[in-house]
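Chemist: Assemble the complex: chain A is given as a structure, and chain B must be docked to it using the hints.
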Amino acid sequence: MAINWYKYASPASFYSLAGRMIPFFAILAFGLLVAGLYIGFFVAPTDFQQGEAYRIIFIHVPAAWMSMFLYVVMALWAGIGLAFNTRLSSMMATAIAPTGAMFTFVALWTGSLWGKPMWGTWWVWDARLTSELILLFLYIGFMSLQAAIDDPRRADKAGAIIALVGVINIPIIYFSVQWWNTLHQGASVSVTQAPTMASTMLTGMMVMVFAAWMYAIAVILKRVRVIILERERHTAWVSELNERGAL
Amino acid sequence: MDWSNWSEFLAMGGYGIYVWGSYLVTFACVIGEILLIFKRRRTLVKRYGQIFDANGEDTSYQDDKTAV
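So the sequence lines, in the order shown, correspond to chains A and B.
For reference, each letter of the first sequence is one residue, going 1 to 247 in my numbering.
For reference, each letter of the second sequence is one residue, going 1 to 68 in my numbering.
The set of hints was computed from the structure by calculation and includes no laboratory data.
Ideal Cβ placement from N, Cα and C applies to all residues, glycine included.
Treat each hint with caution, since some may be false.
[As the list claims (entries may be wrong)] Here are some of the chain B residues that sit facing chain A, going by a computed Cβ distance under 8 Å:
1) W6
2) S7
3) M12
4) G13
5) Y15
6) Y18
7) V25
8) E33
9) R40
10) L44
11) V45
[Stated by the list, open to error] One side of the interface only, derived from the structure: several residues of chain A facing chain B at Cβ under 7 Å:
12) A53
13) I59
14) V106
15) P117
16) L229
17) R231
[Stated by the list, open to error] 30 Å max Cα-Cα, derived BS3-like pairs, lysine-lysine:
18) A:K157 x B:K39
19) B:K46 x A:K7
20) A:K7 x A:K157
Same shape as in the complex, but just chain B:
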């Protein structure tokens, strides 16, 4: 497939909005999913650090119950 220029590529033969609408939302979902997992992990690791440092033992169970 030879596209003669960028605007032809973006136009997708008149179907640009459908093709790029599909691809953009898909990539947003994928990137969003990855970011959410990293964030979930970062929060967890940070909390563990605080909990273990302060007491030398795991008190996260009570911590969980109070922080609804």
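So that you can see chain A by itself, here it is in the shape it has in the complex:
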């Protein structure tokens, strides 16, 4: 079966495709969230060192991973939009930024609430925490810059530059715990080594990671549909949808 993928580079076709995909991802996100919380609070045992406080991990780690991953995806779409002048790619980048910023804030917030009982402090200026804070500023910078420029196509281009330059921060966040002496611990989960956690803890965390993924996809598709409507209001297909009452 040959699918013409280029068809979905057009905002008009992507708008309806995205609309059909949202319920699927939203339901998956909710199901995984319920399962993840159940495993996290009722199956996973108490940690022998951290007691119950470690249960923050079920949101802290997914949020931190998503904050970095979404930034890379945002920069990728922004870069594609810049290079090939494809409108939809830039709209995707714009749609990702608020969700990325939200996850970054959640990672910082939960990290702070975890740091207080375990390290004795809400915040330290160590490399991991500082680079994650810079990530939040990059997201906010991207959104503010785009909001400050009236012409959407120029806003796309300016935003793409910030997004692409800021990508350098992602490996810095990721490797900060190896490159510098940080209060933040090293990775508990890696591709090359066996995880250093009880298996039910790890299962709960991974289920929550997938829930965060599905949530991000659903919410970003929902937002990109609104952005498409805002930007394509002069087109025939939007007024046609509007006349049919099918926006």
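Modeler: This is chain B only, laid out in the frame that chain A set:
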């Protein structure tokens, strides 16, 4: 993990404020984000309805420029 009662569950071994402080704020952010998108969409659809109905054509561009 067996919690013997609700208050033990809420206490989280003395870490309740940190654990629930994390979860509550996270859920508030998630719900807030969803509500904001729905609101943005509702406002837009409503405005489009008004604009297209009144003139039969799209005047939202001028509309945007006057309403700062």
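Chemist: Compare the structure with each hint and give your call.
Modeler: Hint check:
1. Hint status for B:W6: violated, given a least beta-carbon distance of 12 Å to chain A, over 8 Å.
2. Restraint check, B:S7 versus chain A: the minimum CB separation of about 13 Å is more than 8 Å; hint violated.
3. Here the hint on B:M12 is kept, as its CB sits about 4 Å from the closest CB of chain A, short of 8 Å.
4. Of the supplied interface hints, the one on B:G13 holds, with its beta-carbon coming within about 4 Å of a beta-carbon of chain A, less than 8 Å.
5. The interface hint given for B:Y15 holds, since its Cβ lies 4 Å from the closest Cβ of chain A, which is under the 8 Å cut-off.
6. With a least beta-carbon distance of about 5 Å to chain A, the hint placing B:Y18 at the interface is held under the 8 Å criterion.
7. Because the smallest distance between the Cβ of B:V25 and any Cβ of chain A comes to about 6 Å, under 8 Å, the interface hint for this residue holds.
8. Given hint, B:E33 at the interface with chain A, holds; its Cβ is 6 Å from that chain's nearest Cβ, closer than 8 Å.
9. For the restraint placing B:R40 at the interface with chain A, the shortest Cβ-Cβ distance is roughly 5 Å, inside the 8 Å limit, so the hint holds.
10. Satisfaction of the interface hint for B:L44 is found here, the shortest Cβ-Cβ separation to chain A being roughly 6 Å, below the 8 Å cut-off.
11. A least Cβ separation of about 5 Å between B:V45 and chain A falls short of the 8 Å threshold, and the interface hint therefore holds.
12. Hint status for A:A53: holds, given a least beta-carbon distance of 4 Å to chain B, under 7 Å.
13. Interface restraint check: A:I59 against chain B, minimum CB-CB distance 5 Å, threshold 7 Å, status holds.
14. Residue-level restraint check for A:V106 holds (minimum Cβ-Cβ distance to chain B is 5 Å; threshold 7 Å).
15. A cut of 7 Å between beta carbons decides the hint on A:P117: the least distance to chain B is about 5 Å, and the hint holds.
16. Against a cut-off of 7 Å between C-beta atoms, the interface hint on A:L229 holds, since the closest Cβ of chain B lies about 6 Å away.
17. Nearest Cβ of chain B to the Cβ of A:R231: about 11 Å, over the 7 Å cut. The hint is violated.
18. Taking the CA atoms of A:K157 and B:K39, the gap is about 27 Å. The hint holds against a cut of 30 Å.
19. For the hint pairing B:K46 with A:K7, the CA-to-CA distance comes to about 29 Å; that is within 30 Å, so the pair holds.
20. With a CA separation close to 23 Å, the supplied pair A:K7 and A:K157 stays within the 30 Å bound.
Consistency note: the structure conflicts with the earlier hints numbered 1, 2 and 17.
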